[in-house]
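Chemist: Sequence:
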Amino acid sequence: MIVVVSDDPPPEESPANTADPTTPATSPQRLRTLLVIAAVLLGLDLLTKTVAVAKLTPGDPVPIIGDFARLSLVRNPGAAFSMATGMTWLLTLVAAAVVIGVVRIGRTMRSLWWAIGLGMVLGGALGNLVDRLFRAPGPLQGHVVDFVAIGWWPVFNVADSSIVCGAILLVVLTVFGFEPNGTRVGRGAEHSGGESAA
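Each residue of the sequence shown is one higher than the one before, starting from 0 at the first, in numbering that gives the first Met the number 0.
To be clear, the hints were calculated from the coordinates, so they are not data collected in a lab.
Possibly wrong hints are sitting among the right ones.
[Unchecked claim] Pairs of lysine to any residue residues, derived as SDA-like cross-links and limited to a Cα-Cα distance of at most 20 Å, are as follows:
(1) K54 with V154
(2) K54 with L30
(3) K54 with I149
(4) K54 with L70
(5) K54 with A38
(6) K54 with L169
For clarity, every value in this text was computed on a predicted model and none was experimentally measured.
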């Protein structure tokens, strides 16, 4: 029997052969999903605010369900639900920082549920940021248009609801160990059950 010895180095394994099948890199990135959700919510927020400004009069609420649910136009210089009304310029900078931070996180995110939550937060932050930049009394000082009043709850808008619902979703994901990269705490690099649903 003749044995042939070659001086050629062994062929390198391709990345597909060396990749760990349990790493989050096998999941698709979710930045596009995040941005689509944010864009839809931003458009909805801007549309509803435009209609509210055109159709509603400040101080003249329109009842929807008696006095419990009504449309009431309010110009809000503060944060969501009329908080921190004397810090408009600071809230504008915070909103801008949130937008930048969410986009940076989204570039490496692989969990669908995190994309949904962050997309909601991003869409809401952008909606209110547009008001602060372009509405009266001026840039960084603009008052946010609020128009939904329910019971004793402060008047709010689509952006406020989006931010709050998105934040609640992110808290729930964190509590149950779902990570932005598609893994779940306590299961190593195994994809979370939410990744099959996420």
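Chemist: Output the numbers, in ascending order, of every earlier hint that fails for this structure.
Modeler: 2, 5 and 6
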